[in-house]
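Asker: Go by the hints and put chain B onto chain A.
Protein chains: 2
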Amino acid sequence: MTQLHITKPLTIFVTGCSRGLGLEFVKQLLTKQKDSLVIATCREPSKAEDLQKLKEGYSKRLHVVPLDVSDEKSIEKVPHVLSKDLGISSIDWLINNAGYVDSDSMIKVYRTNVIGPILISDALIPYLTHDLSKRDYIPRIVNLSSLLGSITTFQSIKHNADASVLSAPSYRCSKAALNMLTQCIDKDLNDKIQRTYSDSKKGVIVIACSPGWVVTDMGTVGGRKPPLTSEQSIQGMLSVIENVKLDDSGKFFSFDGKTLPW
Amino acid sequence: MTQLHITKPLTIFVTGCSRGLGLEFVKQLLTKQKDSLVIATCREPSKAEDLQKLKEGYSKRLHVVPLDVSDEKSIEKVPHVLSKDLGISSIDWLINNAGYVDSDSMIKVYRTNVIGPILISDALIPYLTHDLSKRDYIPRIVNLSSLLGSITTFQSIKHNADASVLSAPSYRCSKAALNMLTQCIDKDLNDKIQRTYSDSKKGVIVIACSPGWVVTDMGTVGGRKPPLTSEQSIQGMLSVIENVKLDDSGKFFSFDGKTLPW
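Chains as they are written, first to last, in numbering that gives the first Met the number 0: chain A, 0 to 261; chain B, 0 to 261.
Everything labelled a hint here was simulated from the structure, so no lab data went into it.
Certain hints may be false.
Identical copies look the same in the list; a pair holds intra-copy or inter-copy alike.
[Stated by the list, open to error] Dumping the calculated DSS-like pairs for lysine-lysine here, alpha-carbon to alpha-carbon at most 25 Å:
id, residue 1, residue 2
1, K59, K7
2, K191, K157
3, K46, K257
4, K157, K201
5, K72, K107
6, K76, K224
7, K200, K157
8, K157, K244
9, K157, K257
10, K250, K200
11, K83, K133
12, K26, K59
13, K133, K257
14, K133, K7
In this text, all values refer to a predicted model and were calculated from it rather than measured experimentally.
Isolated chain A, as found in the complex:
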């Protein structure tokens, strides 16, 4: 796994940062990228104690912004907060990390895991493409997917091969849909950029990324024992995000840099 060595200050927007992988993203972004600015969002900042503690140590480089990705009205407020409150006009990375698992509500899972990312991406595209003609760093959108969203991988598992295989249709279906959404955003956005600039070196890298099976509240459901810590998973994903090229746009990466099948 290569080390992270981003050579210039970046502005990075991450959703779902109150705990788990989102919180770890923020921690590593602040400690490993010395001059970067992190906009960390979560539903209720006042209840996100760990995030607030981080804020104490990084008051100038960390902005905590309230955002419920399952609520369209909450998303609509983001541009105002960015432009007016924070004076931010340009974003380099959007990490659509916020996710939801619930076996009972397919709608709520879809709203959070798929509709949230499309609406947030739409809202932030003006920031990701701001002054694109002058920028020499290629912006990127990262959709946190899952190996559970890989239809090909699930199909290859034999019936009854492993009783611990989770079907979890609501979650699996949402992540397969998020993978398709990654393609849709890649195609729509980069086609538009090409029509505007006619420069094959201009674009936004849009990828889906699987964190692997990680020790989080989600990963340990039912007493299961994941092999990865969130530190390892995020270290891997940051390396992937930093090292992808424009040609990689539209791909589905594992945290360890491997390409995953749809």
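Answerer: Quick look at chain B alone, frame taken from chain A:
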């Protein structure tokens, strides 16, 4: 394309039959399978004139049942109608045909195209597996998907290669999710059947099927000119459905019998 020659009477349940592919499914099932019973559902039978006309000619073999696949309560009524009103205890084919396209409402599209099929499948599984130990015909569930749901295929299209390529994220995402759902139903149902019977010849064939690009209200949006008639598409899909084997369960077929990538 092989001709349809089903050798025994089947009971077939089809959703979304007021027009388009659903109506054509019903027509061909009635004319080509002489002793089969067709349960054709649609939201408002009283407004489905073409379906009612068919009913006149096939009063004993066609039952028209009201069903809104986007409405959980409507789905809950189906078992009562089948068992009490129609005296049906066993179904051979479930064709989840009803679909919806709307670029504005991702939720409504998901509710119809993904949540509908999972709820209807759950409701009809007792009928599909009824007396399975004694049945010598393998029941099947067919989810009407689309080539637009193939993430692999969409990824392979070059940027700007064809301006007529539809992104349509709400529809594409729903069909990718439906493809994953096909895997989930296949795994859950056939694992359960194996645990019950320990007989590798028992099971339910669960497949996703793409109708191809067909001259329907949906296919001709924006003045586009599809190469297939609904007659050709349905003829192909009926041949696929009839000829699949238990080993094919979990696959994604095109109307012409080819296997499609996820």
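Asker: With reference to the structure, classify each hint as holding or not holding.
Answerer: Against the structure, the hints:
Taking identical chains as interchangeable, the C-alpha atoms of K59 and K7 lie at most 25 Å apart only when both belong to the same chain, with a minimum of 17 Å there against 75 Å between chains. For the identical chains of this complex, K191 and K157 are inter-copy neighbours only, at 13 Å across copies versus 42 Å inside a copy, given an alpha-carbon limit of 25 Å. Proximity of K46 to K257 under the C-alpha cut-off of 25 Å is found in neither arrangement, the shortest distances being 36 Å within a copy and 53 Å between copies. Taking the shortest alpha-carbon separations for K157 and K201, only the inter-copy value of 16 Å comes in at or below 25 Å, while the best intra-copy value is 43 Å.
Taking the closest pair of Cα atoms, K72 and K107 come within 25 Å of each other both inside a single copy (16 Å) and across two copies (18 Å). Proximity of K76 and K224 under a CA criterion of 25 Å is satisfied in neither setting, with 39 Å inside one chain copy and 42 Å between copies. Taking identical chains as interchangeable, the C-alpha atoms of K200 and K157 lie at most 25 Å apart only when they sit on different chains, with a minimum of 15 Å there against 43 Å within one chain. Proximity of K157 and K244 under a CA criterion of 25 Å is satisfied inter-copy only: 16 Å between copies versus 35 Å inside one chain copy.
For the homomeric pair K157 and K257, the shortest alpha-carbon distances inside one copy (23 Å) and between copies (22 Å) are both at most 25 Å. Only within a single protomer do K250 and K200 lie at most 25 Å apart by alpha-carbon distance; the minimum there is 18 Å, versus 38 Å between protomers. For the homomeric pair K83 and K133, the shortest alpha-carbon distance inside one copy (23 Å) is at most 25 Å, but the shortest distance between copies (70 Å) is not. Within a single copy, K26 and K59 get their C-alpha atoms as close as 14 Å, which meets the 25 Å cut-off; across copies the closest is 68 Å, which misses it.
In this assembly of identical chains, K133 and K257 lie within 25 Å of each other by CA distance neither inside one copy nor across copies; the values are 32 Å within and 47 Å between. For a Cα distance limit of 25 Å, the shortest separation of K133 from K7 inside one copy, 15 Å, qualifies, whereas the shortest one across copies, 70 Å, does not.
The earlier numbered hints that this structure contradicts are 3, 6, 13.
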